[in-house]
Amino acid sequence: MNEISLATLFFAAIFTNNILLTNFLGLCPHIAISRDLKSAMGIGAAVVFVTTLTSVLNHVIYYNVLIPFHLEHFRFIIFIIVIASFVQLVEMTIDRYFTRLYVVLGIFLPLITVNCAILGISLFMVIREYTFAQSLVYGAGSGIGWMLAITLVGSIREKIQKHPNLPRGLVGPGITLIITGLLSLAFMAFSGMIQIQ
Amino acid sequence: MITSTLIFGILLISVITALLALFLETAHSYIADYGQVRININNDKDLEVNGGDPLLSTLIREKIFIPSACGGKGTCGYCKVRVLEGGGPLLPTESPYLSKEEIQQDKRISCQIKVKSDMKIAIPQELFNVREYRVLAERIEELTHFIKGIRLEILEPEDGISFVPGQYIQLQVPAYKLSSQPEFRAYSIASSARDHHFLDLVIARVDKGIVSTYVHDYLREKDELIARGPFGDFHLLESDRDILLIATGSGLAPMMSILHQIDYEHIQRKTTLFFGTRTPDELFYYDELRSLERRLKQFTFVPTLSRARSRDDWKGERGRVTELIETYIHDNAAVDVHICGSPPMVQSCVDLLIKKGIPADRIIFDKFE
Chain A
1 MNEISLATLF FAAIFTNNIL LTNFLGLCPH IAISRDLKSA MGIGAAVVFV
51 TTLTSVLNHV IYYNVLIPFH LEHFRFIIFI IVIASFVQLV EMTIDRYFTR
101 LYVVLGIFLP LITVNCAILG ISLFMVIREY TFAQSLVYGA GSGIGWMLAI
151 TLVGSIREKI QKHPNLPRGL VGPGITLIIT GLLSLAFMAF SGMIQIQ
Chain B
1001 MITSTLIFGI LLISVITALL ALFLETAHSY IADYGQVRIN INNDKDLEVN
1051 GGDPLLSTLI REKIFIPSAC GGKGTCGYCK VRVLEGGGPL LPTESPYLSK
1101 EEIQQDKRIS CQIKVKSDMK IAIPQELFNV REYRVLAERI EELTHFIKGI
1151 RLEILEPEDG ISFVPGQYIQ LQVPAYKLSS QPEFRAYSIA SSARDHHFLD
1201 LVIARVDKGI VSTYVHDYLR EKDELIARGP FGDFHLLESD RDILLIATGS
1251 GLAPMMSILH QIDYEHIQRK TTLFFGTRTP DELFYYDELR SLERRLKQFT
1301 FVPTLSRARS RDDWKGERGR VTELIETYIH DNAAVDVHIC GSPPMVQSCV
1351 DLLIKKGIPA DRIIFDKFE
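If you read the protein sequences in the order shown, they are chains A and B.
For the first sequence, counting from 1, position 28 maps to 28 in the working numbering; every step adds exactly one.
For the second sequence, counting from 1, position 187 maps to 1187 in the working numbering; every step adds exactly one.
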């Protein structure tokens, strides 16, 4: 049992222990889809939805099915299957109601399945022994934290594109990693405030 | 103990997966239900269809046959249709097949876009002439060790098929070991356009090709199949110039139909056929072409072998068809060129002919992918 309060955990998941900027999980879609603010927000919202629901559902399955039957070592497979199905659900919904976003996200939408941040959140939930409510808050908080990171980088990149005097070699992933690194340094400053590990 | 854990674990994973699949299926039937939508064609005809499927297959169900060679996989780019309204944004799977002009004309790859809302599309009038035929495999013969010639008899409709020599049809085979659903591919017609009730097709075996494997290994004489057509704009160019036909492998098929046309229309233009294969046993239709050469004095048949061995006792030309162009065609020759075969062969012939000063509008080709 982890004694941390829900509000603190939520705040920590977004700022002090941001899954992307302090744990460096989920970098691949972060670099690929942060070209502009709008698609960054889109993928961010999809990730928030998936992290929140999967961390809760994985919590229920882990403590009510896997532990009673002593099958904890199957957690990786089960977690990934749950994540894959929720990503399918998101893909279906976006295809139906947000066609333009569906085209922009392209292959990266189904690839949320293998976004390591999402599996990471479910596994942290197990390692840190969160309760059901804590898992919900941690899942949502981490998703929002990931969305915050990608929208920050997305809006900075959008501004950079308006003044295209970058050195050629830095265009694209190069400058994105540098921006992410600087943001990460800034977020490191928060890390002394709360410790959740 | 370990075995029981393992079995139980697998069982558990299966149950959870099944539950999630059930949940997704239920969600799919609600979320992906696009209901009835209306497709307006050429501001004239309205179709009421169920939404959610690709435009190409939706139109095929309504008996409107758009040309397609790959069977809706998005690899040939033939199934272009002008979508004026309701097509949604251009997809990354479409853009490689569309030029800037085509995008401006609202052309879309119809097997890639889904029918999600009411649409307005424009289809060339001649595509309404495309029909579906019930055909019978009347004769199957082995032309070479990897090419079969099949003769199809048209059972329905009773008035048969009308086509321009050089055009192709889509042949559809039923579901079998390699495919869980019927598949179709495009094949050029080798028989005479005067013959409205029989079609000759030349089908080369393609490794893991769904339709060609079926034809080579499963199709028996007297089997029935479905065909649609005719499609394509490969044809004999009209002028007073000489005619040059260049084919490799199964690319000979449309040339045969064009040669029949030259025969029965008594076209007196000097005609030359370059036919390239690797070895002598791959030269199919050889006797037929030699006898046609004896009968028509304006026609010359020049086969060439790229891999003739010394024991083959081959007295004809050696090398590729491009080498024949170098020898036989002088610069700025007054000739209409018709090329059919593999894309690299077609491309190198076109490049060479342009270099020799043949204008691009006197060259027509059909690439067999």
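Please keep in mind that the hints were generated in silico from the structure rather than gathered at the bench.
Take the hints with a grain of salt, since some may be wrong.
[As the list claims (entries may be wrong)] Computed Cβ-Cβ distance ranges for the label pairs, DEER-style: (1) B/Glu1062 / A/Leu166: 48 to 56 Å; (2) A/Ile160 / B/Ile1103: 24 to 32 Å; (3) B/Glu1048 / A/Gln161: 42 to 50 Å; (4) B/Ser1099 / A/Thr8: 57 to 65 Å; (5) B/Ser1099 / A/Pro164: 22 to 30 Å; (6) A/Leu166 / B/Gly1319: 22 to 30 Å.
[To be verified] A partial selection of chain B residues facing chain A, derived with a Cβ cut-off under 8 Å: (7) Ile1007; (8) Gly1009; (9) Leu1011; (10) Ile1013; (11) Phe1023; (12) Leu1024; (13) Gln1036; (14) Cys1070; (15) Gly1074; (16) Pro1089; (17) Leu1091; (18) Ala1193; (19) Val1206.
Because the structure is a prediction, the values reported are computed rather than measured.
Each residue gets a CB set at the ideal place from its N, CA and C atoms; glycine is no exception.
Would you pick out the hints that fail for this structure and give their numbers low to high? Failing hints, ascending: 6, 7, 9, 13, 14, 15, 18 and 19.
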